[in-house]
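So the chains spell out like this:
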Amino acid sequence: MTRPLRFLLNGSPVSLAEAPAQRTLLDWLREERRLTGTKEGCNEGDCGACTVMISDPQPEGGHRWQVRNACILLLPMLHGRAVRTVEGLGEGGAFHPVQEELVRHHGSQCGFCTPGIAVALAAAHADGRRDFDTALAGNLCRCTGYASIIRAAEAAAEAPAPGWVKEDLARLDDLAAPGPLTGPGWIAHDDVDAFAAWYRDHPEARLVAGATDVGLWVTKKLMDITPVAFLHRLKRLKRVEVTTTHITFGALAPIEALRVRLAEDAPQLGAFLSRFGSEQVRAAGTVGGNIANASPIGDSLPLLIALGATLRLRRSETRREMPLEDFFLDYGVQDRKSGEFVEAVTLPRPRAAEGRLVRAWKISKRRDQDISAVAGAFDFVIANGTVSTARIAFGGMAATPRRARATEAALVGRPWTEATIRAAGEALAEDFTPISDMRASARYRMEAARGLLERLWHESRGTGPIEIDRVLEEAAR
Amino acid sequence: MTVAVHKPHPHDSAPLHVSGKARYTDDIPAPAGTLHLAFGLSPAARGRIRRLDLAPVRAAEGVVAVLGADDLPRPVDLSPAHAGDEPLLATGTVHYLGQPLFLVVATSHLAARRAARLAGIDIAGEKPVLTIDDAIAAGTDLEPPLEWRKGDAEAAIAAAPHRVRGRIEVGGQEHFYLEGHAALALPLEDGGMEIHASTQHPTEIQHKVAEALGLPMSWVRVSVRRMGGGFGGKESQGSALAVACAIAAWKTGRPCRMRYDRDDDMIITGKRHEIRIDYEAGFDADGRLLGVRFAHFLRCGWSTDLSLPVADRAMLHADNAYHLPHVTIRSRRLRTNTQSNTAFRGFGGPQGMMGIERVIQHVAATLGKDPLEVRRVNLYRPMAAVAAGEAAQTTPYGQPVEDSIIDALVDRLAREARYAERRAAIARWNAGSPVIKRGIALTPVKFGISFTLTHLNQAGALVHLYQDGSIRINHGGTEMGQGLNMKVAQVAAEAFSVPVEAVRITTTDTARVPNTSATAASSGSDLNGMAVKAACETIRARLTRFLAERHQCPEEVVRFSEGRVHVGTNVLTLAEAARAAHEARISLSSTGFYATPKIHWDRTRGQGRPFFYFAYGAAVSEVAIDPLTGETRILRVDVLHDVGRSLNPAIDIGQIEGGFVQGAGWLTMEELAWDERGRLLTHAPSTYKIPVASDRPRIFNVALWDGENREPTIYRSKAVGEPPFMLAISVHQAIAEAVAAAAGVPFVALDAPATPERIALAVRNARAGENAP
Ligand SMILES: Cc1cc2nc3c(=O)[nH]c(=O)nc-3n(C[C@H](O)[C@H](O)[C@H](O)COP(=O)(O)OP(=O)(O)OC[C@H]3O[C@@H](n4cnc5c(N)ncnc54)[C@H](O)[C@@H]3O)c2cc1C
Ligand code: FES
Ligand code: FES
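Sequences listed follow chains A and B, in order.
When the letters of the first sequence are read in order and numbered with our numbering, they come out as residues 1 to 477.
When the letters of the second sequence are read in order and numbered with our numbering, they come out as residues 1 to 773.
Only chain B is shown next, with the shape it has when bound in the complex (with noise of 0.2 Å):
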């Protein structure tokens, strides 16, 4: 029986949140006399600055500095992958529209958004590249293009009994977090620097400031309570902010805040990878998968940033949940003149797997089957018969799948959710609506858990044990909204078997767990969990042996159970163990460290084994269009997903419905529009729609898979941050299903985002025979 873990504790800021008092970084109390920041940007996409006039800007009521490139102490390079191509302001030439040109530092936060758009630009425009077709045309990869390869996929595709081509088009993703990017910088009597920042990366922000302002690392505190979201925008990008400020306060010796208006958020900063996939595959009568290649495009936008193992991601996720014997596939990494696309929920593999999704459903339409029996005959092989002594199949990139568990998984949930039944419903119900159509569709999720560079996947903790009892953890993970500090307080709690009230839960702060890695990957709790349990279990094994010598009896005796020590006969709180050992002079503070086992990685090669387990899911997902207007609704989704032995299902459940709905808004309604000047359209949420409460499932089942990691993660719990986003693949695929159906063919070519435009378009022209919408 544990006391803290699997069981659905509340967020532990709930009540703050609900109460308004939770404080985000643009809510803490700044001393009188703080200054605010506003970035100048740049009205062009591409091109040189031949006149940069800040004149005006400076006269402007309420500034007290403005700030051009080289007004910088020195040049400050915030590329989260050191490739030197992202200047905090723009240097001689301009890369996007809406990059940052200059800062202003004023007295207000409306006087500094005033007086930003008031200086005297002249920028000599060059042609921007702003599509992928532009980036193939002109070239602009990032790097050579990487290409992995298992077995032959060419000779498998000729000679294969049946084959289809294709091309699918998916559209980026705004991550609009609620709460903008925000910083704080407060600049010390010495010279160092205190910066409180919405960032998923306080060491990154840390390492940045400290190299604008040529500081040792540990002359720069950054800390960060919570975040109003981040799903991955405040990986990388909120280094801009916290290093402006940290600059500023540098300059001005008062402290310095900024946050974007949303507008400039979306202007500014880079969003989730659009990508174009080239298909072909050979198939069996079955429609087993012989050989398959892909080839990938993505937009990168203006800088490096993340871009690289964003797009190995889509690579690493290119066979989704099925066995690809023969596979190719190859990736081109394209720099526009546009935002600098970044991480997002996902990193990558969701766009990877549209593109295999889509793959079986050609083949399905092409062999008049069920796409479901298309899936199953290619999913992986279980974990139950390679524990049996078959040989487990491997991934593209060589890593044996040796922990599936999708075969039963889609099955169970197949069943449970009547997909046959209402399958078969559905197309008789459509044979009789004269206007509104029907899809169903059921599609499977494996994704791969762990940092792809592998050194990320390491967590440092610090924990305390007071003389009272009571307990503080400190970890290098950030809360955004997931709950992690529930589920390390709650291991924590079940390390000493005390209440989860117990356990203390802090602000991240690399003044006190240095080294961190980003909280991304899904990784938090894993990583983090890890480590808080290795610092609590070093307090604990001291306590042990104390109380141990103390009683004169073996350490086995000793028990942390049912919110006691035990020690033999005799029960003490753990108050009173605590104070008897400090009253011994033990020492009640630990570290902790962690770092992930078994995985190693080389990118170029495409082989290795860059994850330690896999986790798994499926959603069955049933829509209705109308053919007339391209409108949809999603009228019911029913999901299994694994998150093994859940750490805490509440939180879990919570992480999937948010989830899917939020892939469901990627794959239909959020659509991103730049004009031929490069000019974000969708800059607002007024032009970009993120759905709202009645855009999710009215019917919406959400069921934990009843199983446990086989790897020994915290708790044998997997990670749910990332891979239930990809669950709502399925609802594009139920609407390329309805309008097939409406259109009166097999198959349809959808795109996506599917708005109602791109349904009501894709219908009339595959009725009128061609099927490219």
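Bound-form chain A, shown alone (with noise of 0.2 Å):
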């Protein structure tokens, strides 16, 4: 390695001449710096015992923080970042406030997943949010039932936050130089034009972005990795560019960014998205990566498929479009020469039009942070209570997330009533054989895909509550 990996830990910057590229900062913490408030709890980013706090470089300039499982990060990845973990939370041997308010309201029973409960609030509490079940959402307690944990974040909402919240960010510029970084292994480019012709030359080469989905091969599968490029470090690939029209996603944009940027359009759509993983999951987890990663079941697939989105591949200086759609061939296979990558994703506003339906649900055994069973979306308008165009795709119902073309023709033109929803429900089993697994069998994942149809329906007659969440909310006040 030419130049050590530099980063801030709780305020002490760190630089390692050796940082092997599926050393995870959970094992390095713990193993190395016997750093053992940070808990392993599953080793896969979904129980939130790891979670600790880093800074994310913005495309546009500065930082910001953000929470990540210490799992499935991997040391590489840490690069010009502040990394704060359970030890750091306080200052000057008092607690953080949300620390403070555990203890006081009883937040912690066994206290194995405290820590990263801790952390997740702080950083909560570090951006002013009160959304505590969706900050809490990657992180699992079986002892309190939560309440009592909501309780002291509550408590804790209005103290104010330890210095180095801000001081920490402030001593990031001068701490990682530009250029590329290297290990055993593994480079991090941080120009996307020098990645491309890389590439185009090491074809090979494994690419990282988010690790949400890799960090698992290593955790889990035990793969040796390299040789891996991270792509972290390509900050221009983050940007999300907005026109009147459309809106362009890097490949790098963190899922989060997503959601934001949608939300803006189309809350609904917001809301759909908050369901994809959990906080720490959408940070780290991209839009290419989700694309590039094709699983039947990835959630901001058939999202964009519905919005009719177009993808950006890229080999070197060659680039070329195509519908989302059509990348994904079958199960594992996509449309992607040896040196080509994804460099974004372009999709049409999802924005209110008169008779503009736009929807897209999940539907899973747990609210948060599950897998979908089925995640259907659908991007109707309806014109003098006719349909005049559709445009549906499923995620859970075939080896690829798919539009439902068949579907789609027994709506189009059809008058938009119960009948036509009836009959479109029944074309559904032309487009889509669904499978059974331990998530949900066959016959489940039709019924449930007709019963999102149907919802669409109820919801655009605008008749009573049609989303149990709204009916959960109304309840709670």
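Bear in mind the hints are in silico, worked out from the structure with no lab data behind them.
What you are looking at is a predicted structure, and each value in this text was computed from that prediction instead of being measured.
There's no promise every hint is true.
[Claimed, not checked] Mimicking SDA-like on lysine to any residue, the simulated pairs with C-alpha atoms at most 20 Å apart in a straight line are:
#: 1; chain 1: A; residue 1: Lys-235; chain 2: A; residue 2: Val-192
#: 2; chain 1: A; residue 1: Lys-221; chain 2: B; residue 2: Ile-121
#: 3; chain 1: A; residue 1: Lys-220; chain 2: B; residue 2: Arg-114
#: 4; chain 1: B; residue 1: Lys-598; chain 2: B; residue 2: Ser-686
#: 5; chain 1: B; residue 1: Lys-21; chain 2: A; residue 2: Lys-220
#: 6; chain 1: B; residue 1: Lys-598; chain 2: B; residue 2: Phe-747
#: 7; chain 1: A; residue 1: Lys-337; chain 2: A; residue 2: Lys-220
#: 8; chain 1: B; residue 1: Lys-21; chain 2: A; residue 2: Val-192
#: 9; chain 1: A; residue 1: Lys-221; chain 2: B; residue 2: Arg-679
#: 10; chain 1: A; residue 1: Lys-220; chain 2: B; residue 2: Ser-686
#: 11; chain 1: A; residue 1: Lys-221; chain 2: B; residue 2: Leu-118
Since each chain sits alone in its own frame, please combine them into the complex, following the hints.
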């Protein structure tokens, strides 16, 4: 390695001469630093016991805090960043307000989840947020039933944040000089063009963006992922560009950016995307990673397909574009050539318009941080009681995320009636032959997909509460 | 006035928890050169091992040793029941997919995990027995079916004006303690062994390690500072790791540590027992149960473990809070080629209660009544009536129910939660709601407190008073988050009338308090609190005698109150009293012991008084379902729960909230699935979903019943660990009500867990006229 890996750990600079590509931050903290406050509860990003705060360089400059799962955060991804673990939350011997209130409100029982929860709440506190259910969607607690934790979070909300919340971020700019960074079996470019050229010459390299999929290959499959190129420093690819008609997400834009941006045009889509993983996963996982990973249950995919997204691939200086739906050829097979990477995805803005009905729904056993049994996305225009356009895409119904073309055909040009919806529901069987697995049976997948069509119908008529979460919010008021 | 008990002290470790300083087993700094272990697992559920090629494992980077069953110093049976059916490493045949076959000892956790996957394994497979149906067909009972009878249920049912019969299937549950199993063994200079383990049962670990190494128990010391959750999952199933570490440490002479990766933990260890209950009931026009028959079928997994007492407790809670004049309960405990199911909060009790609560719901629907009305006519008669001379009603196993407060508790809860009004409002709301439907239900809990194996109901303690007045307590219970240490410290502080901060809580250690029972059956503070109190009282009595003599006054005028020692008009600090006593050569250290009185039990006949007392509670849950997709939300929960005179109301409320949410998880989203080869498909939190923050009831009112234990328990408190778990049955019942409303039928036989899929299909099936989801 030509240059050491440098970052701030709880306010102190760390410089590592050697950082193996698959060394996780969690193992490094616990084994090398003996910082055992950060816990391993699952080693796959799902429990939050390993939650840490890290700074995230913004495409428009500056840094912001985010929460991440240290168990699937690989050391090379830390260059130039600030890391805060539970040991670093307090200041000057005093607890952070969330720690203080967790004690006072009996927010810990066995205490094993507590460091991760304290960090997740400290991150929410840093942003002045009070949507604690969302902030904690990635943190499991098996003991408390959460009520006491939420009480603690409420109580801490008004207290001032420790100074490091701002100070750490101001110390980052000199930490990491520009230029590629390398280590044993890995490289991390910070310039897209240089990376593109390098990848053309090293097409065998594995690409890692947010590592929310790749991380599990390391921790669970125990795979050697080298040679590997880390993409997270390609700041230009994190950008989100908006025109009057279209939005373009760079491949490295985190899922959280997708959620925030789409919610501005269509709040319901924001609600849908708030069920993508957890805060930690949405901060780490990228739009390009979700597309390139091409899982049949990748949640952004049916949405982007229904909205008519165009994918841009790049190999060196050559770019090609295609409708996103054409990228997914079969299970595990995509239309991506050697040396080609996902550069961006562009979609027409999902703004409200006369007769336009844009919705996406996810169905899973648990509301938050679960993998979809079925996810459905719909972009309809109903004009004069007739369906004039209908784009429908589903995840979880086939080997790839896919358009429901027979169903669309059963709708377009037909009167917008319950009978039409029924017929469309029947047509779903022409589009899909879903499978049974531990998440859902084939019969349920089909019935639930039909249920979503029916929900859309009810939703368009505006009669009564249709979405169960709205019933919940009303009842809680 | 008390100084320490009945007060909401925060958990003693809370400041350590929130700062990350609290040490769990895998956080304990180990000496340099410590080795790490991993098990190699069976890839088949059933069959004979034809070949086990460990050469590639031995050749792997970082591997120091690899042990197969033949390399163990002596055969090891891990069975907590001494059933002889639980070898540490499979010998000859395999019994479930995930069974440990060999042990890798390596220089790092990662190296051990990597190497464990490299063995050449060839198993002559046989068709595994996986489901309850498979096991019934194969007749794989662990013991002959058990049947308990009270009266003549068959005749009562036949003569009853109304009858129902049916079946409910209730899935198992993964513990998902946030801290997976872990152990560390440190070999001593003389061949002894020191073990740190994440276990609810240090004495059993001590026993198993001693057996495995051929050592007397006195040569093995096991300590547990805390667990990151246990819930029963660490009652018996941690032995494998501790014994493996001990054997490897003995072989290599180096410290050895092991933790299960989460997926391994879920694949190797047992879970809550899945149950099938067939029922038949006869009842009158008011819904009064005249005769009831239950047949229980429990999926026990590959070995005996704790399945027999778990299945017994399911039978013991087949009545829940209802008087059953004529009842027959039959139970089959079925061996299957899956993980060995084990203790889990409630220990079979929740499963047993699901049967009778279903019966009530079925009866109410048949009569067109509000299920609460049917519940009320069947509740056990109140303690007050018994006190007034009425004969106590007896449980199906012949124990008189003398302490019931359930009728008054249910009345108060129904009133305060406005059950009747809300039920009517929900019916109106449902009629006007095109899609979403709501449901509400109130269910009671009566839970028996004591280990059913009578000899386990004992505890020891060791208390030291130092000359500066500080106190150090040791007891046999283990801390897993339930706040046991704080409660016991409060008891000690109260005994000397000092602030709780004066009491130092320590690691549970078999070298300090021997021959302990598992911390289980909700008994931790009942038993250990009493033992600590006894020890404190011994020391206090010595101090009293000494001070009375010194001040030439009667012992009666020596009082420990308001943080001081009063000797007539003289007032001393505890430190002054302790120092003076020490100088007078009075021992300031004592053991204490407690054995629960009154209990006796014959499990084969199903007769006796297995329980010292009962804990009561009730909950009202309101839910909404979306019949289109089957999604559910819990809208509101009101709980009223009986903890006697609470030792620590904050800790008790925490147990209630946490137990409820865990119970709701069991009955809604937590679903275990195996494939046809016996492979657990839900072996990680990505596929096995426990409740997260947004799943908790948004409106969650928890109140404690204002009363005290009729029995002389520690400060008249009641056990709280398990009973609140079963309050969540109200969630399942409320969902079933909503499903019936959605389908437009009076009753739907909803199984558990009520996942979105199960709900959506139940609605569709019921609409189509089939009442079996
Ligand atoms: C706890 C947890 C919860 C999750 N929940 C969800 C969920 O609810 N919904 C959902 O859809 N997914 C979920 N995921 C999966 C994952 O978060 C997403 O697929 C995410 O979008 C992946 O992005 P990433 O940047 O982390 O990809 P990585 O893991 O870095 O990479 C994934 C794959 O894409 C390739 N790749 C990445 N970027 C590019 C690029 N620019 N060009 C070409 N190839 C590239 C990589 O080589 C790799 O093959 C979850 C994961 C975890 C751990
Ligand atoms: S250990 Fe569970 S999310 Fe990292
Ligand atoms: S306190 Fe035990 S897991 Fe949260």
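State the violated hints by number, sorted upward, taking the hints as numbered earlier in the document. 4, 5, 6, 7 and 8
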